[in-house]
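As a plain string of letters, each chain reads:
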Amino acid sequence: YQWATFARSWFVIDARMQPPGKIASMCSIRLQGKHKPIYHALSDCGDHVVVINTKEIAFSGNKWEQKVYSSHTGYPGGFKQVTAAQLHHKDPKAIVRLAVYGMLPKNLHRRTMMQRLHIFPDDVLPEDIRANLTEELPQPREIPRKLNEYTQEEIDAFPRLWTP
Amino acid sequence: MAARCMLRSVWTSFSSLTLGPSASNFCSLQRINVPQLSALTIQSRGIRQVVEKREGNTITIEGKTVETPAAPEPPNPAAKCPIYRWNLQHKYNYTDVLLLSQFIRSDGGMLPRRITGLCAEEHRKIAICVQMAHRAGLLPDHRPKLPEGHVPKTPKPKLNRYLTRWSVKSVKPIYKPGLKWCKKRMDVGHPALKDNVRYSVKPLYMKH
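Protein chains in written order, with this note's numbering: chain A, 42 to 205; chain B, 11 to 218.
Careful, some of the hints might be misleading.
Derived DEER-like restraints, expressed as beta-carbon distance ranges [as the list claims (entries may be wrong)]:
#: 1; chain 1: B; residue 1: R124; chain 2: A; residue 2: E97; range: 57 to 63 Å
#: 2; chain 1: A; residue 1: D163; chain 2: B; residue 2: G118; range: 52 to 58 Å
#: 3; chain 1: B; residue 1: E83; chain 2: A; residue 2: P167; range: 38 to 44 Å
#: 4; chain 1: B; residue 1: K204; chain 2: A; residue 2: Y116; range: 42 to 48 Å
#: 5; chain 1: A; residue 1: R186; chain 2: B; residue 2: I57; range: 47 to 53 Å
For lysine-lysine, the following DSSO-like pairs were computed, each having C-alpha atoms within a straight-line distance of at most 27 Å [as the list claims (entries may be wrong)]:
#: 6; chain 1: B; residue 1: K179; chain 2: B; residue 2: K155
#: 7; chain 1: B; residue 1: K193; chain 2: B; residue 2: K63
#: 8; chain 1: A; residue 1: K187; chain 2: B; residue 2: K163
#: 9; chain 1: A; residue 1: K63; chain 2: B; residue 2: K101
#: 10; chain 1: A; residue 1: K121; chain 2: A; residue 2: K131
#: 11; chain 1: B; residue 1: K186; chain 2: A; residue 2: K121
#: 12; chain 1: B; residue 1: K168; chain 2: A; residue 2: K134
#: 13; chain 1: B; residue 1: K168; chain 2: B; residue 2: K155
#: 14; chain 1: A; residue 1: K147; chain 2: B; residue 2: K182
#: 15; chain 1: A; residue 1: K134; chain 2: B; residue 2: K179
#: 16; chain 1: B; residue 1: K168; chain 2: B; residue 2: K182
#: 17; chain 1: B; residue 1: K186; chain 2: A; residue 2: K131
#: 18; chain 1: A; residue 1: K121; chain 2: B; residue 2: K217
#: 19; chain 1: A; residue 1: K108; chain 2: B; residue 2: K193
#: 20; chain 1: B; residue 1: K179; chain 2: A; residue 2: K121
#: 21; chain 1: A; residue 1: K134; chain 2: A; residue 2: K63
#: 22; chain 1: B; residue 1: K193; chain 2: A; residue 2: K63
#: 23; chain 1: B; residue 1: K101; chain 2: A; residue 2: K187
#: 24; chain 1: B; residue 1: K194; chain 2: A; residue 2: K121
#: 25; chain 1: A; residue 1: K96; chain 2: B; residue 2: K217
#: 26; chain 1: B; residue 1: K212; chain 2: A; residue 2: K108
#: 27; chain 1: B; residue 1: K166; chain 2: B; residue 2: K155
#: 28; chain 1: B; residue 1: K179; chain 2: A; residue 2: K108
#: 29; chain 1: A; residue 1: K134; chain 2: A; residue 2: K121
#: 30; chain 1: A; residue 1: K131; chain 2: A; residue 2: K63
#: 31; chain 1: B; residue 1: K194; chain 2: A; residue 2: K131
#: 32; chain 1: B; residue 1: K155; chain 2: A; residue 2: K187
#: 33; chain 1: B; residue 1: K166; chain 2: B; residue 2: K179
So, partial list: chain B residues that the calculated Cβ filter (under 7 Å) puts toward chain A [to be verified]:
#: 34; residue: T105
#: 35; residue: V107
#: 36; residue: P183
#: 37; residue: Y185
#: 38; residue: G188
#: 39; residue: L189
#: 40; residue: R195
FYI, nobody ran anything at the bench for these hints, they're computed from the structure. Note that the Cβ used here is the ideal one computed from N, Cα and C, for glycine as well.
Bound-form chain B, shown alone (with noise of 0.2 Å):
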């Protein structure tokens, strides 16, 4: 119990240093010995590629950090979420695709919060518009990898829409609507997004 509570404020002092190989030594060892990190065994973050070579009998798989060119400076350089550092907190959409396909994976999900750095509020802004995005069809390549083989079967016709809320299977029809007083609404866009840049007087229509 005591060493439990050695190793849990041992860890949280040191959980700024990202050691990642010498995580599993904590629980063997009984007295703390943290290993000093020296120059050749710093982590780096970068996009990898993987790259095999064969030379006779062996067969060489490398991951290369591919070069990512230097962006152009920030307007806020001191904000920590990257979209504070540019101010587009409130004026990003479901449209704005060259904004969003930046934090999303090749086959459609969104990347975690603790490599792109964002906040919490944006991260999930940024992930309710991927989603109208994906349903509204805007993104045509990011699809998930069918495994081989798969033969697709005829596709039914697709229906056009935009700033769905809700899956296209969860939703079920509206037999009674009601009367003009207690009519249930059809929901339209996200409260999420309830506070972007209006530059029309009209209001936000979001109960359709």
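Here chain A stands alone, though its shape is the one from the complex (with noise of 0.2 Å):
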């Protein structure tokens, strides 16, 4: 049995409509290992996680115009502040990368977590990281329906408030 315990597993979580940060967070719980009870820092318990739809996540408030991500490159006047916008349109992986990796402990494992991590913009994925998936993760927020999801039958049940 210890065998089943001690594997490490693969999972798989649609980032589409989803906030970025939430997305993080279930990601960095189960690269650390922590949502198995034989969770200890010194054993290498984490799992592999990948995450797909990356380039339809969905940003809550004006977070995509007000988010600003900076670096420098070292170099003097390297100073670059880009939007959360610009970022996604650039490279759309970027943001979740970077919400996980602030978000698992600032340690040397981070990086090798880090290298657990796979990120896809969208759906297709290569076929031995298909192969090896075992459990898909619910997504953290409900996403609301459009008003052409609605079949005529549920628009027709809702009841009219006011007469014109």
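Two chains, two separate frames, one set of hints: put the complex together.
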């Protein structure tokens, strides 16, 4: 039985219309291994996590324009500040990757845990990763339905509040 | 001056009677002589559909009132505002598109308060929710009509968002967020909806 408890499983998360912060917290818990009762920081008990559809990520509020990702190249005058929208346009994986990087514990294990995280901007997965997937995690946020997704019966069943 | 005061007092006393065509007569008359409303000139409210008929040379454009089917009985018929009549005061959100779509025009704008009969706060709350639903993309068919011959430019990839308080173009990026104790927070949701019914223990988090 012990081989099953110490096995490294592969999780898949669909990030469509989800806030990247909630996705990142779920990823960091599973990358560290904190979802297992046999967790210990020194024992290498983290799992693999695959994030799909990161290009359809949804920020709450006006964070697409307000959130700024800053970095410095090391050279003088190399301080770059990019808004979340611009960064997403350049690289759709970066937002989720940076969010998970900030949520993992700040030690040398972080780099190995980031190597176990696999991010894909859309549905296309390589064959070997698809063969390894074991569990799909539920989405943290309920996606609201658009008006054209409601059937006509549901629209008719809803009572009219006022008469014109 | 005295005539104007008399006009205003008579206008307020007769404001309950909806006198559309006779309003223009007020200015011309010295003595207020309100014509009696007969049964034929009762104004009716209702959505009308424009019907065009061609009979030889004449074209008649008619507005026929569309029959609206009777709505079911609201639980609280005594209240004035439709939301209070149905006891939905603090229970709706930007996701309840079926409710919000009853108060919007076909191009996405809000209907005026005097037509829908909403009270001021609820009208404001519904306007805010409709704005948030538009920005979230939950009302794809209620778009403004583009003028004919308008060639749409190559559209930029739309970013998914929800609970946006401010308009997309008006927000500036926070280049210097500050330290933890004096951080410039990003606003999520709207304070008008802070009294909504919450079924979870966690408080509503509006400053992210």
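Taking the least C-beta to C-beta distance, is B:Y185 closer than 7 Å to chain A?
holds, 6 Å
Does the beta carbon distance between A:R186 and B:I57 stay inside 47 to 53 Å, or does it fall outside?
violated, 26 Å
Please verify whether B:K186 and A:K131 have alpha carbons no more than 27 Å apart.
Holds, at about 22 Å.
27 Å Cα cutoff - pair A:K131, A:K63
holds, 22 Å
For a C-alpha distance cap of 27 Å, please report whether B:K193 and B:K63 respect it.
Since the Cα atoms of B:K193 and B:K63 sit roughly 66 Å apart, the hinted pair is violated (cutoff 27 Å).
For the pair supplied as a hint, B:K212 and A:K108, confirm whether the alpha-carbon distance does not exceed 27 Å.
Holds: B:K212 and A:K108 sit about 24 Å apart, inside 27 Å.
Supplied contact hint for B:V107, tested at 7 Å Cβ to chain A:
holds, 5 Å
Would the pair A:K134 and A:K63 pass a check requiring their Cα atoms to be no farther apart than 27 Å?
Holds: A:K134 and A:K63 sit about 15 Å apart, inside 27 Å.
Given the proposed pairing of B:K168 with A:K134, does the C-alpha separation stay at or below 27 Å?
holds, 16 Å
Do the alpha carbons of B:K179 and A:K108 lie within 27 Å of each other, as the hint requires?
holds, 14 Å
Check whether the Cα positions of A:K147 and B:K182 lie no farther apart than 27 Å.
violated, 31 Å
Holds or violated: A:K96 to B:K217, with C-alpha atoms at most 27 Å apart
holds, 25 Å
Violated hints, listed in ascending order, are 1, 2, 3, 5, 7, 14, 38, 39 and 40; each of the other numbered hints is respected by the structure.
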